[in-house]
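Engineer: Here are the chains, one letter per residue:
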Amino acid sequence: MECDVVVIGGGPAGSVTARFASEAGANVIMVDRRPEIGIPVLCGEGISQRIDNWGMLEGTDWIASKMDGAKIFSPDDTMVKLSKEMAGNETGYVVYRDRFDKELARQAGKAGAKLLLRSEATGLMKKGGKLTGIKVSQDGETFAIDADVIVAADGVESRVAQWAGMETKLKTHDLETCFQYTLADVDYESDYCEFYLGKNRAPGGYIWSFPKGNGMFNVGLGILASLSTPGMAKNLIEKFIDNHPIYRKGTPIRVLSGAVPVAKPVETVTDNLLLVGDAARHADPITGGGLTTSLEGGKIAGEVIGHAVDTQTFDKGTLLDYETRWKEAFGQKLLRNYVVKEIMLDFEDKTLNMLADSLKDYKFEEFSTLSLVKALVLKHPTLLVKLKPLMKLSEKQD
Amino acid sequence: MVKRKARVNEKLCLSCGGCVSVCPQDAIKLINLIAHVTPSKCIGCKICSNTCPVAAISLKEVK
Numbered sequence: 055m056e057c058d059v060v061v062i063g064g065g066p067a068g069s070v071t072a073r074f075a076s077e078a079g080a081n082v083i084m085v086d087r088r089p090e091i092g093i094p095v096l097c098g099e100g101i102s103q104r105i106d107n108w109g110m111l112e113g114t115d116w117i118a119s120k121m122d123g124a125k126i127f128s129p130d131d132t133m134v135k136l137s138k139e140m141a142g143n144e145t146g147y148v149v150y151r152d153r154f155d156k157e158l159a160r161q162a163g164k165a166g167a168k169l170l171l172r173s174e175a176t177g178l179m180k181k182g183g184k185l186t187g188i189k190v191s192q193d194g195e196t197f198a199i200d201a202d203v204i205v206a207a208d209g210v211e212s213r214v215a216q217w218a219g220m221e222t223k224l225k226t227h228d229l230e231t232c233f234q235y236t237l238a239d240v241d242y243e244s245d246y247c248e249f250y251l252g253k254n255r256a257p258g259g260y261i262w263s264f265p266k267g268n269g270m271f272n273v274g275l276g277i278l279a280s281l282s283t284p285g286m287a288k289n290l291i292e293k294f295i296d297n298h299p300i301y302r303k304g305t306p307i308r309v310l311s312g313a314v315p316v317a318k319p320v321e322t323v324t325d326n327l328l329l330v331g332d333a334a335r336h337a338d339p340i341t342g343g344g345l346t347t348s349l350e351g352g353k354i355a356g357e358v359i360g361h362a363v364d365t366q367t368f369d370k371g372t373l374l375d376y377e378t379r380w381k382e383a384f385g386q387k388l389l390r391n392y393v394v395k396e397i398m399l400d401f402e403d404k405t406l407n408m409l410a411d412s413l414k415d416y417k418f419e420e421f422s423t424l425s426l427v428k429a430l431v432l433k434h435p436t437l438l439v440k441l442k443p444l445m446k447l448s449e450k451q452d
Numbered sequence: 065m066v067k068r069k070a071r072v073n074e075k076l077c078l079s080c081g082g083c084v085s086v087c088p089q090d091a092i093k094l095i096n097l098i099a100h101v102t103p104s105k106c107i108g109c110k111i112c113s114n115t116c117p118v119a120a121i122s123l124k125e126v127k
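Order-wise, the sequence lines are chains C and P. Counting from 55, one number per residue, gives the positions in the first sequence under our numbering. Counting from 65, one number per residue, gives the positions in the second sequence under our numbering.
Note that these hints are calculated values from the structure, not bench results. Some clues are possibly wrong.
Taking lysine-lysine pairs in the BS3-like style, the calculated list, with each CA pair at most 30 Å apart, reads [stated by the list, open to error]: (1) C:Lys-293 / P:Lys-67; (2) C:Lys-181 / P:Lys-110; (3) C:Lys-168 / P:Lys-93; (4) C:Lys-428 / P:Lys-124; (5) P:Lys-93 / C:Lys-156; (6) C:Lys-370 / C:Lys-125; (7) P:Lys-124 / C:Lys-180; (8) C:Lys-225 / P:Lys-67; (9) C:Lys-180 / P:Lys-67; (10) C:Lys-181 / P:Lys-105; (11) C:Lys-440 / C:Lys-125; (12) P:Lys-105 / C:Lys-225; (13) P:Lys-75 / C:Lys-180; (14) C:Lys-318 / P:Lys-124; (15) C:Lys-318 / P:Lys-75; (16) C:Lys-266 / P:Lys-75; (17) P:Lys-67 / P:Lys-105; (18) C:Lys-225 / P:Lys-69; (19) C:Lys-381 / P:Lys-75; (20) P:Lys-75 / C:Lys-156; (21) P:Lys-110 / C:Lys-318; (22) C:Lys-168 / P:Lys-69; (23) C:Lys-156 / P:Lys-124; (24) P:Lys-75 / C:Lys-303; (25) P:Lys-93 / C:Lys-370; (26) C:Lys-120 / P:Lys-127; (27) C:Lys-303 / C:Lys-318.
From the derived model, a few chain P residues whose C-beta atoms are all more than 12 Å from chain C [to be verified]: (28) Asp-90; (29) Ser-104; (30) Lys-110; (31) Cys-112; (32) Ala-120.
Short derived list, chain P residues pointing at chain C, Cβ under 7 Å [unchecked claim]: (33) Leu-78; (34) Gln-89; (35) Val-101; (36) Thr-102; (37) Pro-103; (38) Cys-116; (39) Ala-119.
Computed from a prediction, not measured in an experiment: that's the story for all the values here. For every residue, glycine included, the Cβ atom is placed at its ideal position computed from N, Cα and C.
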């Protein structure tokens with residue numbers, strides 16, 4: 055097989071890259087090792103309502119519910135509330151990730167990309183030191199796909215990036231290991247996502263609860279892998295649910311695990327190859343959220359690839375336009391939030407309690423991590439002194 | 065000397081790929097969405113087993 059662009063992985067970043075490269079006139083093949091796009095779900099399923107402005111998804115069947123704000127609970131259960139009423143702007147959705155991913159893949163196909171399921175990339179092909187395509191295994195058959203551009207959209211564990219010799223190996227300090235229950239028939243009305251902090255609840259991470267509507271909730275947790283022991287993520291979320299007066303009465307209808315990069319931005323481009331999505335570490339190091347950055351990054355990648363195909367230049371210099379543009383769009387924000395993550399990891403529970411207490415009546419400007427960080431810098435300038443140089447640079451990116 | 069190597073309980077693995085992401089030896093990959101360890105590459109460092117959210121990986125003694 056032959057094409058201009060081969061995309062490895064049919065998650066959100068891969069599908070959006072495939073779509074925009076196709077729309078720019080490139081001939082695109084997207085391979086995915088799974089039998090079904092979007093399955094298994096490996097995600098908390100929360101996303102900013104900003105995606106409404108991008109027109110990437112049609113219909114509404116991928117939306118489970120709308121969120122009106124967030125409640126953050128400190129270790130001693132002091133609550134900080136970020137609400138839509140205060141903010142007066144967009145908040146977020148809880149989505150059905152399987153439907154969400156299928157809709158994005160459908161859009162890629164509609165734009166002209168060819169999708170191959172149950173098709174696993176098994177290696178890169180090279181000629182004279184130059185990448186010329188990939189080897190694929192499908193139903194026991196192995197074949198080659200020749201391509202000028204290879205897109206590694208193969209997730210947090212990206213093997214493609216490894217094969218290409220790119221430095222993306224994650225330290226356990228930069229990975230959140232996650233476990234989540236979806237609970238049904240929970241007797242609780244809420245339009246708020248909830249976050250619970252504390253070293254005993256979730257070391258180096260947090261517990262979340264996202265309302266999916268009709269009494270359904272995603273209740274999960276992420277902990278820093280460097281602080282984890284075998285099975286800790288599953289044990290801690292079960293302990294939380296078992297001790298919660300309401301959630302413990304819910305019926306578990308799904309469990310899932312997950313792994314989220316909370317790393318510094320990496321190099322994402324080499325000759326004939328680029329990384330998108332979790333493979334590119336395009337996830338927010340504070341929240342672990344990666345959907346919006348993956349979609350934004352994928353669109354940029356698709357457009358840059360389209361230009362590369364037009365000019366038939368596929369060297370690192372040409373593809374670097376992608377890296378320049380995603381750094382302009384959200385690179386400073388990821389770096390700033392990595393620094394915030396590092397600072398917050400050093401906080402004792404009593405510091406978190408003190409911070410929550412100082413913010414409990416604060417009127418937030420908006421529903422975002424930026425508004426939280428800004429409030430903290432304002433109230434506690436010495437605590438967050440390391441952040442100052444990064445704040446101005448990153449502010450326009452939120 | 066007794067060596068210890070990572071071994072996956074396939075029934076417990078939920079295919080998150082966390083172990084693959086952090087293995088310093090590239091000794092783990094997902095085959096049909098289940099983690100598999102290549103014993104010749106494994107150095108028994110326990111990074112994968114500590115990372116696993118469901119305790120699907122343990123270290124077993126080998127001769």
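Engineer: Which of the numbered hints above does this structure break?
Structural biologist: Of the numbered hints, 1, 2, 4, 6, 7, 9, 13, 14, 15, 19, 22, 23, 26, 27, 28, 30, 31, 32, 34, 35, 36 and 37 do not hold.
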